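Put the complex together from the two separate chains, hints included.
Just so you know, the sequences run in chain order A and B.
Residue numbers for the first sequence follow the working numbering, so the first one is 1 and each next one is one higher.
Residue numbers for the second sequence follow the working numbering, so the first one is 63 and each next one is one higher.
Hints were generated in silico from the structure; no laboratory data involved.
The model shown is predicted, which means the values in this text are computed figures rather than measured ones.
Quick list of in silico lysine to any residue cross-link-like pairs, SDA-like style, CA-CA up to 25 Å: (1) B/158 - A/19; (2) B/98 - B/65; (3) A/44 - B/338; (4) B/451 - A/32; (5) A/44 - B/458; (6) B/451 - A/33; (7) B/158 - A/28; (8) A/44 - B/413; (9) A/44 - B/460; (10) A/44 - B/273; (11) A/44 - B/357; (12) A/44 - B/377; (13) A/44 - B/358; (14) B/527 - B/516; (15) B/158 - A/16; (16) B/98 - B/120; (17) B/451 - A/29; (18) B/447 - A/33; (19) B/158 - A/20; (20) B/98 - B/525; (21) A/44 - B/459; (22) A/44 - B/457; (23) A/44 - B/380; (24) A/44 - B/429; (25) B/158 - A/30.
Interface residues of chain A toward chain B, partial, derived using beta-carbon atoms under 7 Å: (26) 31; (27) 38; (28) 50.
For every residue, glycine included, the Cβ atom is placed at its ideal position computed from N, Cα and C.
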Amino acid sequence: MTPESFDPEALAEAMATLLGLTQTPESRAQTIMHLRVAAEHAEKLLSVPLDDREEPAPVFTP
Amino acid sequence: MIPELLDGSAQAIAEAVRTGTASAREIAQGTLSRVKTRNGALGAFTDMTVERALAKADAIDAARARGLDLGPLAGAPYAVKNLFDIQGLPTRAGSKINRDRPPARADATVLARLDNAGAVLIGALNMGEYAYDFTGENAHDGPSRNPHDPERMTGGSSGGSAAAVAGGLVSIALGSDTNGSIRVPSSLCGVFGLKPTYGRLSRAGAFPFVASLDHVGPLARSAGDLALAYNAMLGRDDADPAQAHMPATPVSRTLAQGAKGLRIAKLGGYFAQLAGPAAIAAVDTLARALSADRTVELAQADAARSAAYLITMVEGAAVHLERLRARRQDFDPDVADRLIAGAMLPGAWVAQAQKFRRRFRVEALELFRDVDILLAPATPCRAPKLGQKTFMLGGREMLVRPNLGLFTQPISFIGLPVVTAPVWTAAERLPIGVQIIAAPWREDLALRVASALERDGAVRAPVAKYA
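Here chain B stands alone, though its shape is the one from the complex (with noise of 0.2 Å):
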């Protein structure tokens, strides 16, 4: 029963906790010991924290005892991408540097809502070094592994808890999302991710990359347990200073009202022109699924894309220069060197960016006045092999590393909620995603289209059948 469980739903898992058919430690017990099983073959984890997950199981069980209100979340497993701070831990956000940091003296903010909502944490998870990547691939940790093929790429940067979610490692896994890094990997590995809206849950203990792009949301295997997880992380946090006014609103009863009666529509234009045969068959799959039949362009997303590559270049060298000068030969090379190219940029080209920015946030809002949601291609193509640095796209060699995400960084760029749900097509062993796109604070919509398509059957996350 324990294994079926794992295999199936957090909503499930806490269930079967408030109801007693499973303990928590039980739960907790079977989810470490796959984790000991699986990780060799996957690179998912990079620390378990044992302890703090049995001692909390116990906790878990000892007031369900009592006859406590055990959350949400009870006993559901969950891990989070290494550059979440863990109390005890030192937050190594995918570096080797950072591993010489004095361990975090608490939890991220979005860590300690969900352990209060029930949730278990398991461990840390591997990731692209600083979140500069959307292979998965770590020069120090090794990649992480594709769960439905291991020679394949995760994406990144969240590879981790892609892989860890695919895999059947844990129902849950956060990651964060400065230009694609949940989406990316999401599509590659087949699982639900979902980015908030720009300002939406609080970054507090989270290692920073870009200020102006970085968010944070989870990765699972159904929308349900999407939504299960960003309504524990909601709420107010002034330790986050990019983080709206806006009311927490938890998306819980509107899951369920179906796709009914919103206006829909695919992305053309820059989205169609660039996307491989399986992305375009991935957004057709589910524009049919969803009696879809417009085609709207959300002009110059080229250059939307342009804008956030440079802002993030610039951003980005900033937080790491000093480490640049003390300690470059402990980077990831790759990384290393896009860092050091973006501190010597024109200023006034990010100047431009951020202006930009607004302009191209003014005339998404203006689409959204004639529709709920839009789809378009969460990656160009399906999984990578591991080490392949180059693909074809539209005709033209483009490196992998910076291009998996030409079509995530568009939508990041002004903070749009995205849900990407995994397509699976016909006798195809690697899924592909797509991104489920609503307009500012409207997430409530992305997960009613991805929970309605999920019903359908369109869209689907099982963990990996070689595991």
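If we strip away everything but chain A, and leave its shape as in the complex, we get (with noise of 0.2 Å):
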């Protein structure tokens, strides 16, 4: 999925349900709002190009 795709109405409908979510229309609206914002930073944050051997920042030391 990439930012120019996103469809946040169909990925709040699809999620809450996988989820076991049960939301009024209110708080979904408020969701696909905070959906939309996401995307936005989403798209700001994939544009920086990132080599295949990046590694994330965590480290887990077992």
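What follows is the structure in structure tokens.
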């Protein structure tokens, strides 16, 4: 999924069922608003090219 | 004499208790009385630990009578954001739901260490629900109010911590900072705040929000008190798996060394573009006071903020998913819907955000080869009004709640240590904070600069006049 193809209404609908969350219309509208904001942030983040070999920040030390 | 001491520093209180100028009991009683008188107007405290405070004060006075060492914070009153475990109280973390938890069986590590240093716990402080907040408003306990103007926000999520310090209720408060929750309220309430390096102080016994980004630290009315509290809380704690294996180096010896010789620059780019006039003026004031005429850029700070935003949404949602299923109606609606959205985001976004975090860290470390201290606004503006939902930033109307921290978020994203120092521009009755940012593990440098600015009168944290 890329930010360009991001459909917050469809995502909210599908994921609410999958996660077992019941939502009021008001809550659903707010959730969709927050998903839109998240997609804007993802667009900024994903516009930064990262090499395949780039390691993530957290290091698990067993 | 007691009121003057309570308006002063923890350091002065400890000195008075050590020399017998005041007893720890007099300080504790004076503090408890102040909290009872002033808290109704400030909404800072949610719990008071009266019996514990008086018992501790009596123990300090008894130890003095026996000639024992009382510790560097002897008798100094402090309080903690209510996400820290306090033995005997349920750790509510700003929520309604957590009040049903059993009482904590032990204090959080940092409380135990402050107590060992002689500090006296007065109670627990208001905060935004589950720390997902920059306003200081709380749907269950009411808002914490800015002591410099009670119709305005404290900022959050450590809102009660900043209100308690700015209102003269305690000398030192503890807060947590995931994306700016110490630095934003420090800025809006005009107090000093220290967010140490990620992994420096133990988070054991602090209710979690975002494991990748959570920090704990002190707020106070002087850089010296920040240093005293920080020193007392240092030290290895295996109960926090994110704590780094770094030597516990106290900062007392270097605090008075001044800023001379340090390479200091303003952060431009992202940090200048969205800052309001008050924020820009505050940074310029401190840059002039420090003779810092360079401006440098932290490339991709905007993307860093976005990455922190997404990690927060996803990790925060994971912490609360079961509660969202079972008790959605008991959440603050503004918090619940953000958390629900976080539970729905693609995993690839947050994996990419963690990869970018390492890249951004490398770029910041490169910058620190050439500078020792970076100056940046802590908030884009002074305290908004309580209930205010939006403000104008860079010509665009934006939500207050997630965006008060847009300058703090890229910095905590890579765990850099920061002291927020309060600036009062001419004829202005509301303060605004500046972030004094150092390289990882160099809390000593950020505190040195804050202390030098304080001595020069460029930054200060007076008790609010109304109080």
